Every structure is written in structure tokens, then in C-alpha cells.
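Protein sequences, first through last, are from chains A and B. Under the numbering used here, the first residue of the first sequence carries the number 471, and numbering increases by one thereafter. Under the numbering used here, the first residue of the second sequence carries the number 10, and numbering increases by one thereafter.
It should be emphasised that the hints constitute simulated quantities derived from the structure, not laboratory data. Just to be clear, a hint being listed does not mean it is correct.
As the list claims (entries may be wrong) - Once the Cα atoms are required to be at most 25 Å apart in a straight line, the calculated DMTMM-like pairs of lysine to aspartate or glutamate come out as: (1) A:K1000 to A:D627; (2) A:K880 to B:E268; (3) B:K267 to A:E605; (4) A:K556 to A:D861; (5) A:K844 to A:D861; (6) A:K943 to A:E899; (7) A:K647 to A:E605; (8) A:K856 to B:E268; (9) A:K897 to A:E909; (10) A:K623 to B:E268; (11) B:K263 to A:D609; (12) A:K606 to B:E261; (13) A:K506 to A:E723; (14) B:K169 to A:D861; (15) B:K267 to A:E899; (16) B:K263 to A:D861; (17) B:K267 to A:D627; (18) A:K1000 to A:E723; (19) A:K501 to A:D486.
It should be emphasised that the depicted structure is a prediction, and the values quoted were computed from it without experimental measurement.
Now for the letters of each chain:
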Amino acid sequence: MRVHNTSIMESVKMRDIVSVDNLWFLHAGQKEHALKNINMRISEGDFVLVAGPTGCGKSTLALCLTGLIPNVLGGEMQGKVVVDEKDTRGHEVFQLAQSIGLVFQNTENQLCSLSVEDEVAFGPENLALPRDEIEKRMDFALNATSMYDLRHKYTFDLSGGQKHRTAIAASLSMLPKILVLDEPLSELDPVGCRDVLQTLKKLNEEFHITIILAEHKLEQVLGFAKKVILLNNGEIIANGETSEVFKDKKLEEQLGLRIPETLRFSYELIERGLIAKPVLSVEEARASLPKIQASGLNRPSVPIHSQHLKETRSSQKELIRAEGLCYSYYDGTVALQDIDLSIFPGEFIAILGGNGAGKTTLALQMSRQLKPTKGKMYIEGKDTAKLSITDLVGIVGYTFQNPDCQLFCKTVSDEIAFGPKQLGLPKEEVSNRVKQTLEIMRLEQFKDRDPQTLSRGQKLGVAVASVLVMKPKVIILDEPTLGQDLNRIRSLMALLKSLNRQGITVVVITHDINIAAEYACRVILMDEGKVLADGDALDVLSEEDLLRSASIEPPTAVYLSRLAGLPPMLTVSEISAAVWGTNEVR
Amino acid sequence: MFRGFFHYVDQPSYVHRLDPRVKLLLLIPIFLLMMTSNNPLTLLLIFSFVILLYMLSKIPFQRYKALMIVCLFSSFSFIFFGSFFYFGFLNYPGRQMTIWLSIFRPEDAGSLPILGPIILWLTEGRGIVLTQEGFFWGLLTTLKFLITLFSGNLVIMTTKPKEILLSLNKFGVPIKLTFVAMTALRFVPLITEEWYTTMNAQRARGLKFKRLDIKGTLTALTATLSTLVINSIRRARVLALAMETRAFGANEKKIAFKELKMTNLDVGLTVTICIATAVIVVLLVLHKYAGYSPLKGVLWF
């Protein structure tokens, strides 16, 4: 009898809650299919990661699963999608929504109510459920996402992670059995990511909700997901257990996935026969480390970090200098406190910190979009309080986090020509500069396109080009790597590096430690409007406790090198170079 | 930016606890009196009543200080322009305007060669004079302006937006319309932020808004607007899909998780307000709809 029971349990547990058969989808007005012959099964209670480069079809798949395709959005769909025994073709979206919830990539735009509570109640209210049922569901959704204490807050007062949790709660109140999340982590800092992932884990483990997570930033996700589906160009190229799928080393390059540093390191270990299966999380890496040491990992005698780029500060005058700079918003919120720093020509700086640390505010001060409320900011020795934004043309170039907002011309070449035209340069000079910049940014093939029709990465490229064409001495980029896959990030950062070598000062604002570790020479660490540390990248980034106190997870390599008894190193390629003498060192 | 005024302020107070419908209802007699009265003292009394409600609602002065300052400036211009340029009372038969001070009398026109006739033509032959009636017209307009803004703002500051919309639904406004209002409130701060970003991006690329270059300024503004519109359309698309997955429009009726409940106090106030409104209407009808003022004769009108 008992055996019989467990087998029933088993069969219930193993039930395919999502099944997709021969799914093809063609967006209206496009020639190539966004999804090609997708076949997959997802069992109840799974935690599945759908990964792939930008434009691989992740979002389209999410729309198909929730029935928005074909019920709401146009296009040509072939094949069959069955979710919780409901065929998406024969059911209304709101019926399907009670089986499968969707959290969109941009949380800001999917929250329609003013307060958290109203947002969560929105679905059940529309279903016209009895009032006590609505309340029950709200309590469940708010508690499951730990948003109960924040339920009276306004949605626009929430942090990024909290907004995401609100969106998840709003989906949960429809009591779905499956939750699909489209790139939930791309705009969050490490703390926000952990926040959302812990919530998902709790939903998965305690409430047996099947989680389908579409993401290309795998840094923190891989430790949570049980299964992985890899998509490329609308096709499934791998489907299975996480550690099985990631055995293939080539995936990273091929798909532009940002795999965890630990995984990258374990490829080295596998190659040398030290371990059999890839290691996914830092915890696992730590567990396998004693083995590495036992296998005779020789310590290098020369400290590696001497090889690190240590740009000597030229004796030139500083480009930007802040003295006792403070800034508070109109409502009294203090955004910056007593900032003292100097930026010298030719530096490559990362301003690092969690969401709300004051990074952007500082950068806006550096480009005179804000004036200090106390203290001084000097740009080339001139007090910004006495300058206007236009006085900084040719000195400071600034790209905003959201490329959508800073592009306003009809074609890409118009966009790039806008600045030089304002300067009143002769026509030939303008067209020369535009041509040059198009070439540097490799945007020639888009020069007659409307910038708003480009992809996010391309838009960012146009934004950088439109700033670059003004020949600034310093270029400041606010979170240029958000929502982009590895290959795009690499080409952008390589470009910045080469500009830097030509003498342009580069300031990158980021919450991504790996970007700072891989590219910056100097790191300014910020938290709560203050500069916590400012110095050589290696010195700042190996302060593990300090980084954690600023809600930044230290680089995996620093952690690994410490455990392995090596001097601190910033990337795993440096570690392997130190240990096995392979790979190039920067 | 929009958090200062026209924004809900959470405070434990009697005014906050009132049913939003009562608060909206209260606006009816206030506006009725405000629109029909031409007596500064009556209007001052109504305004004091509104301010009293502000005090009862314990909204810190800081929150409506900005509004006060805006009103101060507009009051000044109402009174200034009213005093010098309002001659509406001459349209009533038998009315005279009392001149307090004359800066440019029609007789003086001859002594000023070109300017004189121009001023006369602009002021319809009256010259520049400060009139008593004009001054009071400015004062009345100011008070009416203050009452409108402050009483409306009181409801907004003491009632959660959702509750205002709910009570509007109860008064028969369709759900889809109030939903539009809610999303507008939700997205206004975002859209302003985006607009500032676009303008700053233009300026950082060397655009100077020159005072005389109207064409250039217009082109730049149109460019920011098209960016804003494109972004808003993108946003609307996501919002529409998100709402679709949350059953918007699945049922004709919609249940609100919080029901508006009338307390005894609310019922009492509703009755009082209705009676007061009725009295005002009756008095207005008796006095032929216009120019009624309970304190008639105390002042000049």
C-alpha cells in the first residue's frame, strides 16, 4: 500500500506541466522564424533555466508559454503548447494566467498600480473573486515574496529588487502553478539578484511552483537551477541537467553566456583531470579546492599583481576634482557625502557600488548635470557651479543608462552629427567626424536606420558614438553592460580600452564586479553616498569584507586565490596562468 | 518632483479616515458657494474653513508650502492686473468705477506724442488707472483660485489615490476611465524623468536654447517629444501584455479588495452636506441665481 502511495506521489511529481511540440513562430513582418521546431517537456516542481544570447528567442518562448502568443500578439504560430493541461490555443489569456504567470523583463513598465498592495490585488480583483478570497491570496503572495511589510509603499519608491518581488507577488496572486521570468536579473545589483533568486527558491521548494527563468547572466543563477535549456537562433541546442549541459566549454564563446568564474575555472580543472564534472557555485568550488591543493598546485614565487596594469599617474593636472562634495535632493535625501577625489587624464576607472549607492549622482556631478549643494566640483580647474552643461562639450562626454532616452534623431548618422552641428563646425568637418566615428564604432551598416529601431546593444553603440564624435577628454558611461550578452560586453569594453590607450579617460559606472575586475585600472567603491575605497583595482577588489559591506560580492577569483593560498588575483585566467603558466596575462 | 504637492500624505487624522465619497461630496457646496459669491468676506470664510480642515488633517505645512508660494505669486498678478485693467463692472448699467490712483489719464494722451495714443487704444480709451472695483475683482479671483486649489488638494492629500478612484467608480465613472487615471498618476514621474534625460543629452551635445532661435528650440523640443512618445508606446505595450496576464477585463464587474464603508460620522456628514447644499441652492434660486452673498451689504457689492 505504502509503495503504491509513493508511486502515485512520484507520478504526480513527475507530471509534465508544460509540453511544447513542434513549435514554430514567425513575428509579423519578419522573414526568419523567432522559434524553430521547439520540443520540450517541463515537469512539475522543476527549476528550469532558459539561457541564450540576446535575440535567441527566450522572450518569444515566454510569450508562447503564457498564451500571449497566439491569443494577443500577431504572428504565425505552428505547433502546440500545452500548459497545465490547457492548450494555449483554446484558452483565454486570463484562464491560462491562473496556471502560468509571467514576470516581464522591465519591471518598471509592468506595474500599473500606485501601491504594492493594489498591484498584488489587481489580478484577483479582475477575476471578481469574493473579497475574503482576494485577501487570502494577497496575504499568500505578499508573504511568499517577503513584501508584506512593504505592502503600503508606493511602487515608484521601491528598489529594483523590491519592484521585481512586487511583480512576482502580483503574478502569484493569480495562484499559478508555473512562473515564467524573462531576464529578471539584468538590471539588478548582486544584492537585488540574490533577493529575487532566494524568493524564487522559496517558491519552488516550499510552494512547489515550477520556475522557468530566462536569463543570460548566469553568475548567480546556476547554483539555483536544476535544469537548463539552451537556445540559440530560436533553436534548442541543449536540454538537460545543469552540470551535464555545462560540460561543454565551447558554449560560453558560442552563445555569449556570462558563465560564473567558478565554472570557467572548473574547465581548467577538468582539462587537467583534477575533477570530472563542472563546479557551479562558489560553495562547490570551495569543496573541491582541497583536492586542487593536494594535487600539487605550485605557488608562484613572483606576486602576480605586479603584472597588473598599474598606470602611473602622469604629472599632468587632474581633469576632474571633487572637494568635500555633498549633494542632497529637494526632499532632503542625502545622495552624496563629503566626496574628495581626483581623476587624472588617461585613467580607466570603474565606479562600483550597489543600486542607490550614489554612483550615478556622482557621475551627473562630473558632467555638470547636477550642481553640488555643498563643496566644490572642478572640471579642468573650473568650478562647475559657474559652468553650464554646454560649457563641457569637448571635455566630458556622458552616456545615460537607458539608451532609449538619449537618442532623438531620425537616422543614426543624424544622431551622430547632432553634436558637431551644434558646435557650428563646417560641413566637411562634420561629415568627416561622423564617418570616422561610424567606422570606429562599426556602425556603418546602420547609418541610415532610425536609432529607435535598433537593438539595445546597438543603441548603446550609437549613444557612445554620438558622445565620441564631440572628441571629449573623458567619457563617462552609466551601466553600459546592462542587459547585454558577453560578446557585446566584450566588444564594447575592448573598444573603450583602445580609446583609453589613445589617451581618453574612461569612467564606467557599474555594479558588476567582473567588469571592474577585468577592465578597470582604478576602482572607486561607493556605498550610501560615500566613497568607501579608491585606488588600484587589485587593492580595492581584494578587500572582501569592504566589498561585502557595500553589498557587492567580491570577485570569485579573489576568493579562490585566497583559498588556494595564492596572492589575490582578479580573474580566473590569472589564477590558471599563475598555477599552470598558460593563457595570456593582461 | 511630483511628490511635493498633489500627493497623498499619510497621517492619522479624522479627515484621512473620512470616507472619500464624503470628501468629494463636500467639494460640491464649497465650489457652489465659491462660484456664485462675489463677496470677499464670504470667500475668506470658506478659505479659512478649508485651512481649518488642513489643520485637522495634520498635514505638515512643509507639504503645502510650495503650493502657498505658487499661489502668492499668482495672487499678486491677479490683483495687479485686476486693479489696472479690469473694467468689467462698467458693463453693468448704472455702475461707476472708483478711481484710486491714475497713472495715465486719457486727458494726458496729447502730451505724449506716439505712446499716448497707443496706450489709449490698448486700454480702450481709459488710460492707466487703479480702480477700487478692479482691485476687489483681483482679490475675489485670488480667493476663488485659492479655494479651488486648496480644497481639491485637500482631498488628494488626505485620500489614497486608489480610494478616490474607487469612489469615482461608485459615482458611476467607468472602471476603464479611472484605470487610465491611475496609470497616468503612476507613470507621470517616470516620464518626466525621461524627458529631463533627453533634454540633458541634447544639452550635453552642445544644444543651447537660445532665446531668439525659435525654430531651433522647436526642432529640439519636437525631437525630445518623439523620443518620449516612442518610449511611452513601448511602455504601453508591455503594460498591456502584463494586464492581459492578470485578467484585466475578464469580468464585467471588478471586486475591490477594500470596500468603502460609511461610518456613522460619514453618514452624519453626508446628511449635513446635502442639507447645506440644498439650502444654498434654494437661496440662490430665491436670489435669481446670481450675485448671492450671505453677507451682502457688508462690503462694496
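The hints, checked one at a time:
no. : hint              : verdict
1   : A:K1000 to A:D627 : holds (21 Å)
2   : A:K880 to B:E268  : violated (50 Å)
3   : B:K267 to A:E605  : holds (9 Å)
4   : A:K556 to A:D861  : violated (62 Å)
5   : A:K844 to A:D861  : holds (21 Å)
6   : A:K943 to A:E899  : holds (19 Å)
7   : A:K647 to A:E605  : holds (19 Å)
8   : A:K856 to B:E268  : violated (55 Å)
9   : A:K897 to A:E909  : holds (18 Å)
10  : A:K623 to B:E268  : holds (20 Å)
11  : B:K263 to A:D609  : holds (19 Å)
12  : A:K606 to B:E261  : holds (22 Å)
13  : A:K506 to A:E723  : holds (22 Å)
14  : B:K169 to A:D861  : violated (45 Å)
15  : B:K267 to A:E899  : violated (65 Å)
16  : B:K263 to A:D861  : violated (55 Å)
17  : B:K267 to A:D627  : holds (22 Å)
18  : A:K1000 to A:E723 : violated (38 Å)
19  : A:K501 to A:D486  : violated (33 Å)
Checked against the numbered hints listed earlier, the structure breaks hints 2, 4, 8, 14, 15, 16, 18 and 19; every other hint is satisfied.
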